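Undergrad: Here's the letter readout for the chains.
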Amino acid sequence: MAKKNIAFYPGCSSQRKSSAANYLVSVQSMCDKLDIAMNEIPDWNCCGASIGYAEGGELPRVAITARNFALAEKHLPGQDVVSTCAACWLANRETQERLEASPHLRAETNEALGAAGLSYQGNTKARHMVEVLIEDIGYEGLKAPVVKSLEGIKFAGYVGCQTNRPFGIAGESFENPQYLDKMVELAGGEAVPYDQKVTCCGGALAFSEPEKSQKQIRDIVESAYDHGADMIVTPCPLCQANVEVYQSEINKKQGTQFNMPVLYYSQLLTVAYGGTAAEAGLDGQIIRASRLEEIAGK
Amino acid sequence: MTTANQPAAYRNDFLKEVEANVEEGHMVKMCMQCGVCAGSCPLGSHWEHSPQKIFMMIRAGKREEVLTSDAMWMCTSCYNCIARCPRKLPITHIMHGLANYAHRLGLAPKGQPTRDFAVMFWNNLTKTGRVNELKLTLGHYFKDGIGAGIKKGLEMKGVGLGLLKAKRLNPMEILGGHKLQDLAGFHAIVAKAREIEDRRRGLSS
Numbered sequence: 005m006a007k008k009n010i011a012f013y014p015g016c017s018s019q020r021k022s023s024a025a026n027y028l029v030s031v032q033s034m035c036d037k038l039d040i041a042m043n044e045i046p047d048w049n050c051c052g053a054s055i056g057y058a059e060g061g062e063l064p065r066v067a068i069t070a071r072n073f074a075l076a077e078k079h080l081p082g083q084d085v086v087s088t089c090a091a092c093w094l095a096n097r098e099t100q101e102r103l104e105a106s107p108h109l110r111a112e113t114n115e116a117l118g119a120a121g122l123s124y125q126g127n128t129k130a131r132h133m134v135e136v137l138i139e140d141i142g143y144e145g146l147k148a149p150v151v152k153s154l155e156g157i158k159f160a161g162y163v164g165c166q167t168n169r170p171f172g173i174a175g176e177s178f179e180n181p182q183y184l185d186k187m188v189e190l191a192g193g194e195a196v197p198y199d200q201k202v203t204c205c206g207g208a209l210a211f212s213e214p215e216k217s218q219k220q221i222r223d224i225v226e227s228a229y230d231h232g233a234d235m236i237v238t239p240c241p242l243c244q245a246n247v248e249v250y251q252s253e254i255n256k257k258q259g260t261q262f263n264m265p266v267l268y269y270s271q272l273l274t275v276a277y278g279g280t281a282a283e284a285g286l287d288g289q290i291i292r293a294s295r296l297e298e299i300a301g302k
Numbered sequence: 010m011t012t013a014n015q016p017a018a019y020r021n022d023f024l025k026e027v028e029a030n031v032e033e034g035h036m037v038k039m040c041m042q043c044g045v046c047a048g049s050c051p052l053g054s055h056w057e058h059s060p061q062k063i064f065m066m067i068r069a070g071k072r073e074e075v076l077t078s079d080a081m082w083m084c085t086s087c088y089n090c091i092a093r094c095p096r097k098l099p100i101t102h103i104m105h106g107l108a109n110y111a112h113r114l115g116l117a118p119k120g121q122p123t124r125d126f127a128v129m130f131w132n133n134l135t136k137t138g139r140v141n142e143l144k145l146t147l148g149h150y151f152k153d154g155i156g157a158g159i160k161k162g163l164e165m166k167g168v169g170l171g172l173l174k175a176k177r178l179n180p181m182e183i184l185g186g187h188k189l190q191d192l193a194g195f196h197a198i199v200a201k202a203r204e205i206e207d208r209r210r211g212l213s214s
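Sequence order for the protein chains is A and B. The first sequence begins at 5 in this note's numbering and counts up one residue at a time. The second sequence begins at 10 in this note's numbering and counts up one residue at a time.
In isolation and in its complexed conformation, chain A is listed as follows:
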């Protein structure tokens, strides 16, 4: 029997061969070490992300997310619905908050869910994996399984937007959250001061407004270099993709020489817990994190 059971909501980008496939690989390895059983919600659907607003109105967006809750309540009763993606978590939290606040919206949502024979009861709690780690396992508990130190590597902890605003992690500030730095430190790494910690990477507008978003990304990467970081670490799959993938574009257009690896907290912890490079999803980096690979290979 696992120490903890969660109803896991992976989200689209974490699926096999999707843009954050290596996030899921590392989360799975990390949770194995921490004895957290990730029970995937059967037949879950996309949360609509944030950018779904234009065509999907409020009710369609709320209804599709409520479908995931309804499935979790039915198949995995009593377990928290846990996401690893910032946008998934935000959509889940927002939906739950609105359904709690408005009996009218809840009635309409259940009318829509009824079209597929489902209903939302409101018996689950939407949470982020980081909340499970910090609140249920605790920093001491996260430190206990560390067998390899990430000593000597400097990380810029890039929290980004949606893991931080509007909900954020309890007890943390919007402007300077500390939890990511604490995770780096408990794994033996050094968390450098970083003034772009909560800057927006452009989100979905990296697609539709590439110039404007790449200006954001340039600031995020440049600041990491300025503060002496070797790598950036983040909890968000879209931050990770945008900040890693577009470095080559910025180099091409603006003559910079960016080559800064961008990792997930779960990759750091997996390596610190003795996982292999493959278990940590390090083969999924476009900009390879060679120093982490070396530690994982020792």
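By construction, these hints were calculated from the structure, which means they are not laboratory data. Model, not experiment: these values are computed from the prediction. Accuracy of the hints is not assured; some may be wrong.
The list that follows gives simulated cross-link-like pairs (lysine-lysine, DSBU-like), each with its CA atoms no further than 35 angstroms apart [what the hints assert, rightly or not]:
no., chain 1, residue 1, chain 2, residue 2
1, A, K37, B, K176
2, A, K219, B, K136
3, B, K174, A, K216
4, A, K257, B, K166
5, B, K188, B, K144
Quick list of the computed label-pair ranges, beta carbon to beta carbon [unchecked claim]:
no., chain 1, residue 1, chain 2, residue 2, range
6, A, T260, B, G211, 43 to 53 angstroms
7, A, T280, B, G211, 54 to 64 angstroms
8, B, K176, A, A6, 24 to 34 angstroms
9, B, L212, A, D36, 43 to 53 angstroms
10, A, S123, B, I159, 42 to 52 angstroms
So the derived list for chain B, only partly shown, Cβ under 8 angstroms to chain A, looks like this [claimed, not checked]:
no., residue
11, Y88
12, I91
13, R124
14, L134
15, R139
16, V140
17, A197
Glycine included, every Cβ here is placed at the ideal spot set by N, Cα and C.
Position chain B against the provided structure of chain A, taking the given hints into account.
TA: Frame of chain A; chain B shown alone:
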């Protein structure tokens, strides 16, 4: 009392329309015009109107200027404005709601890139119940025609090959990709939700 004889400047029909039909629209009147939202927006230098300006324009009944503005389409959903608003207005949600309403009325700027992408995103995810990243990317590159699409594809070739090599892009997704088992049920939920919402807002589906 009717509003017919009042000077247009004092008619607040548009505020009522926004309150009734726009997500979180009932909060617009709480804005005190401090401008913290404008100073907090990462794409702030690019829009036609700041959020607080949009909120005042709504109260001034400037229906067309508001609904045709590009302001809402610059939102990256970073939630800085919500986190910092001293009156706790859900500004991000109101901007999303206004964008959705302007789009559904057909008044949003034509060819606005984020509008086009947002529509493509929703249609992509509702087709199979999960986002097909390959089709989304290709759809975005080819939205202005085959020639422009090939050019864009070649420009971004390095990025695509990098993702492919890292096993974060699947060329086989072109054949369909991940999808739901109960896709019919999912489609029924989406259709029903849209029908209820459109009925409430007096829009035809």
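Undergrad: Compare the structure with each hint and give your call.
TA: Now the hints, each set against the structure:
1. A:K37 to B:K176: Answer holds: K37 of chain A to K176 of chain B is near 24 angstroms, not above 35 angstroms.
2. A:K219 to B:K136: OK: K219 of chain A and K136 of chain B at ~33 angstroms, within 35 angstroms.
3. B:K174 to A:K216: Given pair K174 of chain B, K216 of chain A holds - Cα atoms ~27 angstroms apart, limit 35 angstroms.
4. A:K257 to B:K166: 15 angstroms, holds
5. B:K188 to B:K144: Cα-Cα ~13 angstroms, so holds.
6. A:T260 to B:G211: 43 to 53 angstroms: 51 angstroms, holds
7. A:T280 to B:G211: 54 to 64 angstroms: Cβ of T280 of chain A to Cβ of G211 of chain B: about 59 angstroms, so the range 54 to 64 angstroms holds.
8. B:K176 to A:A6: 24 to 34 angstroms: At 28 angstroms between Cβs, range holds.
9. B:L212 to A:D36: 43 to 53 angstroms: 49 angstroms, holds
10. A:S123 to B:I159: 42 to 52 angstroms: 48 angstroms, holds
11. Y88: 4 angstroms, holds
12. I91: 5 angstroms, holds
13. R124: 6 angstroms, holds
14. L134: 4 angstroms, holds
15. R139: 5 angstroms, holds
16. V140: Holds. Min distance 4 angstroms.
17. A197: 4 angstroms, holds
Of the numbered hints stated above, none is contradicted by the structure.
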